[in-house]
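Asks: Chains A and B are the protein sequences, given in the same order.
Going by my numbering, the first residue of the first sequence is number 1, and it counts up by one from there.
Going by my numbering, the first residue of the second sequence is number 893, and it counts up by one from there.
Calculated directly from the structure, the hints in this document are not laboratory data.
Treat each hint with caution, since some may be false.
[Claimed, not checked] Facing chain B, a subset of chain A residues (Cβ under 8 Å, in silico):
#, residue
1, 55
2, 56
3, 58
4, 66
5, 70
6, 72
7, 178
8, 187
9, 221
We treat Cβ as the ideally placed atom computed from N, Cα and C, and that holds for glycine.
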Amino acid sequence: MTQQTDQQAAKDTVTITVDGRAIEAKPGEMIIAAAERAGIYIPRFCWHPRMKPVGMCRMCLVEVKGPRGFALQPSCFVPVAEDMEVVTTSEPVKKAQDGVLEFLLINHPLDCPVCDRGGECPLQDQTFAFGPGESRFVEEKRHFEKPIRISDLVLLDRERCIQCARCTRFADEVAGDPLINFVERGDQVQVLTFPDQPFSSYFSGNTVQICPVGALLASPYRFRARPWDLEQVESTCTACSVGCRIATQSSSNRLIRYLGIDSDPVNHGWLCDKGRFSYEAVDHDDRLGAPLLRTSGDGQLGECSWGEALDRTAKELRNIIDLHGAASVAVLGGSRLTNEDAYAWAKLAKGVLGTDNVDCQLGDGLPGELVLGLPRATIDEACTASTVVLLGPDIKEELPVLFLRLREAAIEGTTRVLEITPQPTGMTRYAAASVSYAPGEAAEVVRSLIDGSNGAGELLKSGDVVVVLGRPSLAESDQWVAEAARVLAGLPGVKFLPALRRSNVMGSLDMGLAPGVLPGRVSLDAGHQWFIDAWSRLPEERGLDATGILSAAAEGRIQALVLLGADPLADFPDRALARRALAGAGFVVAVDLFLTESARQADVVLAAAGPGEKGGTTTNIEGRVTVVNQKVTAPGTARPDWILAAELAVRLGEDLGFDSLGALFEEIERVAPSHAGLTMEILGRPSARDGIVLPFDPSAVAAEAEHAAAAPVEAVEMRAVAAQSQTAGSDIQSVTGPEAVPATGEGEQAEQEEAPGEETPTPAAKPPLLSVDALDQPSQSPRRDAYALRLVSTRKLYDGGAIVQHCASLAHLAPRTRLRMNSHDLDRLGVNSGDRVKISSHRTSATIEVDIDDGLPRGSASLTFNTPGDADPAELIDASQPVTELRVETTA
Amino acid sequence: MAVELPKPIVTARYGLQESWKLQTYLNNGGYEGLRKALGTPREELVENVTAATLLGRGGAGFPAGQKWSMLRKAEPVYLVVNGDESEPATFKDHQLMVTDPHQIVEGALICAYAVGAAQAFIFVRGEFALGLERMTQAVNEAYEHGAIGRNIFGSGWSIDLVIHPGAGAYICGEETALLESLEGKRGFPRIKPPYFPAAIGLYGAPTVVNNVETVSNLPWITLNGGSAFAAMGAGRSTGTRIFSLSGRVNRPGNYEVEMAKTTFHDLFYDPRLGNGIIDDKALKAFIPGGASAPWFGPDKVDMPLDQDEVGKAGSMLGSGSVIAMDETTCMVRAAWRITRFFHNESCGQCTPCREGSGWVDKIMYRIEQGAGREDDLDLLLDVCDNIAPGLSWPPRQTTICVLGPSIPSSIVSAIRMFRDEFLVHIKDGQCPFPP
């Protein structure tokens, strides 16, 4: 059979006969997968399409014709071969299925009424469909302690386990955290952690989702709902910018659970635990349900009406603009928003207020124009490029599912990872090479890699390179990695995958929430005429980025600061500057889900709707636009951000020109060049189920639509989900509610009513999309301070951020920061691991315990950002400095 | 007429003083086979073993020469010697390890040289304290003697040989589970295909896995020629073989006899061998090839110890363990003991074996304890049928390895041959035999 398979590898398809029907299969594919695509479902427990088969459960036995006639074979482990004959419904097959199910049930506790899985349980479902009616087992069942906690988020009921090895394979193969495994043997086999080592994986929740029984339980969900009580819509996770597709499930108007949906180009069904459990924050009691206003009396923030809050905001903004000019207003933040929200706020800021002091990033990303101007790669392209250069943060911490994808690609050898990093990351062990650099020297290292005679140069010039580009450290200025990026941009055929973490940072940049850019990836200059036509007003000059805005606010040059979901006191790398900025700005308005540390300093706080509470679209790192759907209503009277922008515009005497999300979407399609052709109708097509990567060719999607509609691929794992979603609406069309994205009809109607659209039907040509020129003029790396170490500071998945801190299950998982240093540097100081040292930047000092990390180069020291601990890097970092020099001294 | 006992091949040095020492081995022709092999073209060595029709002595009885010839053409090649002898009543390999460890080392080296192995491993059952000690000592002596290591006997050929103690699982005697264990993983048999380690074995490399007794034959075959070996026995059952005789016989023990020329009757009754059933009781049944083998009744006692003949009769010579049961043996209890063994040793991968072994163990125990029901017998047969559909021989395998289909052998044999005895247990509510 092996030889046969080899011969056919050259062919595109093989034909096999299943139950008398000829079906086409891909060479090398397993019988079970080929049959499923042809609509023949073979029952299974251990087989999972995203993991290697193990053939353990024996549920998928079918009869395969061999030289000695038909024989039972596991269809998950037998690859198809030309003219193979398979029978899935014969008596021997039925007897085998009956037998396996009876075996599986003899030791299963059958406690379905109190099991989370009851109602959506593959064991239950397949017993009904394929199993015997009753059991002949009268002996004592196997007993284990019920359930045991194997991590902070996952509980294990070993009595329910059917030993399919899905969880253990996931942990090992997919997540790279082989922290659970089988112990004992025979019918005493059980999944367990290693002694004193919990299953602390960022991806542990996936094991709960793929468990075919209720053996693995997510503690945030346990006993909270019965599956048949849940309603759901498909949506996109917004915990980071990877854009994993999820099923958002609710009960009684509360978010109850997120499940990963298998989106082939993006998440393969996986979610990180932060994303999976982030709904807890949406459902948190601390959510703002009404606007707040600082009263003139006691100076405290108190609830007020929307009228009061919006009137006050509009009045203050108008006064400040009148007195100090439009450039005295700044809008900071916006990465939390949907594309539609972001467009509305960009239009309000740039087209109504007239300021270009707008930045959706908080000094922790990369210049917006650079990111928008680089040629973009998809995740799939990164996973198949001959070389991937990682020049950015630790993607395991910041973009966890991207880490899963690239880890798989590195292990399977579909790509080779070259990491350029100031400190070891989660990818280091999978990288073909990891080059460490000292803060401030990224560009220099990149240049020498390209020019050097070290083999790396040839790889980089191969023409098939994807750079995963982000901010490797918050303790060095973004200028160094930006320069490195522009050097890399000179490589032939190079593409970039931005590794910026905030949920819709790419969409917000697309929509113009950055200085110097306008919606649709065009520059302020190039888009001037086009947008004057569309919006009638534009900022007079290029504005400031987040660091510039906060510096100007600190110096009193910016009087009004709009915090659009931004919490600079927590997120800006330089906390002292953020403090001075909030104190210096005369008027601060915060639009947020929570009363964050920064929002507490605001004069007005506008309560915004959060994930799952509003519809729209979001854009991931690839530029892939997907639909986010509303499932629950926002608390109190909290509103979607675009409505707040529209309301403020009205109070400023202007009209943003849209009164529905549909009209807003239409305007984006018409005005933003990168979004040309992207209609709701196209996004609703089956072929666009995984979203649309912008910019795109509408005709290509149309052509593809027929084909995809003919054979919709349903993720196996989501069968239960799909069944439920028939009532909830598998996609946007059937969603109703005030904030739902409407289908096409409404949009046309809105367009007719629209004011600006009527006036000028586009005399100017559409402006070109931004591009970045390769850099040829190197700058000088900062000089070494021989007495200091250079600080590296990066984020952890679980940190002090608003989402994590408002998830009851995740908040306590944020690790304490300790200073990490190379052992040579420690020896030089005469300090041991675990000792306390005094660290000082020119801002402040702190004492903190130190750990050895020989992955760090000598001369560097590392602290995690925004995590609990004795030293806060945000207090040490000066955003105006190119790097953060850190003196480390003994405390004795 | 008494059977002619052959001049022993693998047990030739049994009974010598300190037979496990290098000096004893050298004084009795030790390492001569290796020296000869090192001067012989590799193809010739393989052909020699093929000509000998040396059937594997571990249980499956696959011809060693054929196994070597199936190696995938790739580098490196590994040799693994399987000394994880764990089946109840099989005890020949341990004695070989304890008594003549150098013969195993020499055989392993000849095999390694013949197949061009880069490294050789001897996987020894972890519970064999003395076997491990003797094997380790032998390997150390052989290194000092220049038989292992760099430039062996000046031939220019080099190899290392490692003794690897098992971690206490019967299943690691299954060659793919053994390889997993050797790789440091959990001892789960690998799913087939690939069917043979010769294609994908240790660390993914082509690997020869041979039993301790199999390689012990190699020095002799190398010195005396494959045809001399093949001249003994008949058909494919050539040469001599050690049988571990146990159960209700007067002289249990390991006996090297000529294959196909010796019968079970000889084994049980020859004064130099089993010397008859204890107290001259009547033979009630016997297991011809270890715990996995279907049982034979006294009608088969004159059958020769011929792999193919026993196979045709519906059982196997398996691991060479022959167990005699007489009229004092409770067949329910005997079958239950074997069932309990498989229950304890199932690795737990495949559902039918993992769950089925425990279930039939519980039923068998219940019947033996007097709490059985008549329909338990049909239930047992049907559960066994769900483990190995058809209950035929050779069994139809629907599990990853052959442990699953081994479970029904004793149960089905006992029920088919001694149904009445089961019914007595059930009707009387107790076991009619003394405890």
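Asks: Checking each numbered hint in turn, tell me which of them this model violates, lowest number first.
Replies: Hints 4, 5, 7 and 9 contradicted; others consistent.
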